[in-house]
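Enquirer: This is what each chain is made of:
There are 2 protein chains.
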Amino acid sequence: MATSAVMSEVEETLQRIKSHKGVEGIIIMTQEGSILQSTLTEEQSKQHGALISSLTEKASLMISTLDPDDKLSFLRVRSQKKEIMIAPDNDFLMMVIQNPNVVE
Amino acid sequence: MATSAVMSEVEETLQRIKSHKGVEGIIIMTQEGSILQSTLTEEQSKQHGALISSLTEKASLMISTLDPDDKLSFLRVRSQKKEIMIAPDNDFLMMVIQNPNVVE
Numbered sequence: 001m002a003t004s005a006v007m008s009e010v011e012e013t014l015q016r017i018k019s020h021k022g023v024e025g026i027i028i029m030t031q032e033g034s035i036l037q038s039t040l041t042e043e044q045s046k047q048h049g050a051l052i053s054s055l056t057e058k059a060s061l062m063i064s065t066l067d068p069d070d071k072l073s074f075l076r077v078r079s080q081k082k083e084i085m086i087a088p089d090n091d092f093l094m095m096v097i098q099n100p101n102v103v104e
Numbered sequence: 001m002a003t004s005a006v007m008s009e010v011e012e013t014l015q016r017i018k019s020h021k022g023v024e025g026i027i028i029m030t031q032e033g034s035i036l037q038s039t040l041t042e043e044q045s046k047q048h049g050a051l052i053s054s055l056t057e058k059a060s061l062m063i064s065t066l067d068p069d070d071k072l073s074f075l076r077v078r079s080q081k082k083e084i085m086i087a088p089d090n091d092f093l094m095m096v097i098q099n100p101n102v103v104e
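Residue numbers (full-length UniProt numbering), protein chains in the order written: chain A, 1 to 104; chain B, 1 to 104.
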């Protein structure tokens, strides 16, 4: 388990990102899909988490298929109403959902 | 079939984008996956086309699952070596592959 120091640092990071205008939600999850931290409801977290980790997996596979020596580092999904930014790491995956129309 | 005026406009756009430093390839294809224009080899076009249109479809489904009134407008896939930008339209899909490390 992450030490309390790490968890409070994660918490601080979450609060800082959350304070940006337009940010609607932040989820931190393991690569396997379990939610570690989320500012969304449990139901929203599950739905977003499942869909987004599956998309990330597919993007990662696409990159390594095109070039086995390359690796996915960021994914940005822009729609008419929102922008989903996904930062995959070795073990974790962080996603920020924001409304691009109200950004500073 | 697109009129010759439209095709030459498409051709002009392709050449203009291709002239940007770092741009490695451009593909224009139908939503169903057939390649209309490409600056890559036939084999590269087929591989990129299939992988990227499949990822785009999944991203589009994700957005409409999260909000049926929302629609995918842009997808940016960043890896350690390249950046793939995908602009889906109603009937077509354009993708630009660039090396972000040599951009102007």
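None of these hints come from the bench; they were simulated from the model. If you're wondering where the values come from, they're calculated on a predicted model, not measured in any experiment. Treat the hints with caution; some may be incorrect.
Note that the list lumps identical chains together, so a pair holds whenever it fits in one copy or between two copies.
Quick list of in silico lysine-lysine cross-link-like pairs, BS3-like style, CA-CA up to 30 angstroms [claimed, not checked]: (1) Lys21 - Lys46; (2) Lys71 - Lys82; (3) Lys81 - Lys58; (4) Lys71 - Lys18; (5) Lys81 - Lys71; (6) Lys46 - Lys18; (7) Lys18 - Lys58.
Enquirer: Should Lys71 paired with Lys18 be assigned to within, between, both, or neither, using CA atoms and 30 angstroms as the limit?
Expert: both (28 angstroms within a copy, 24 angstroms between copies)
Enquirer: Evaluate Lys46 and Lys18 at a C-alpha cut-off of 30 angstroms and name the case that applies: within, between, both or neither.
Expert: Only inside one copy: Lys46 and Lys18 sit 19 angstroms apart there, 41 angstroms across copies, limit 30 angstroms.
Enquirer: State whether the alpha carbon distance between Lys71 and Lys82 is at most 30 angstroms within one copy, between copies, both, or neither.
Expert: both (26 angstroms within a copy, 9 angstroms between copies)
Enquirer: Between Lys21 and Lys46, at a C-alpha cutoff of 30 angstroms, which is it: within one copy, between copies, both, or neither?
Expert: within (24 angstroms within a copy, 41 angstroms between copies)
Enquirer: Given a CA cutoff of 30 angstroms, do Lys81 and Lys71 count as a within-copy pair, a between-copy pair, both, or neither?
Expert: both (29 angstroms within a copy, 8 angstroms between copies)
Enquirer: Taking 30 angstroms as the upper bound on the Cα-Cα distance, should Lys81 and Lys58 be classified as within, between, both, or neither?
Expert: both (23 angstroms within a copy, 18 angstroms between copies)
Enquirer: When Cα atoms must be at most 30 angstroms apart, do Lys18 and Lys58 count as within-copy, between-copy, both, or neither?
Expert: both (27 angstroms within a copy, 27 angstroms between copies)
In summary, the structure agrees with every hint in the numbered list given earlier.
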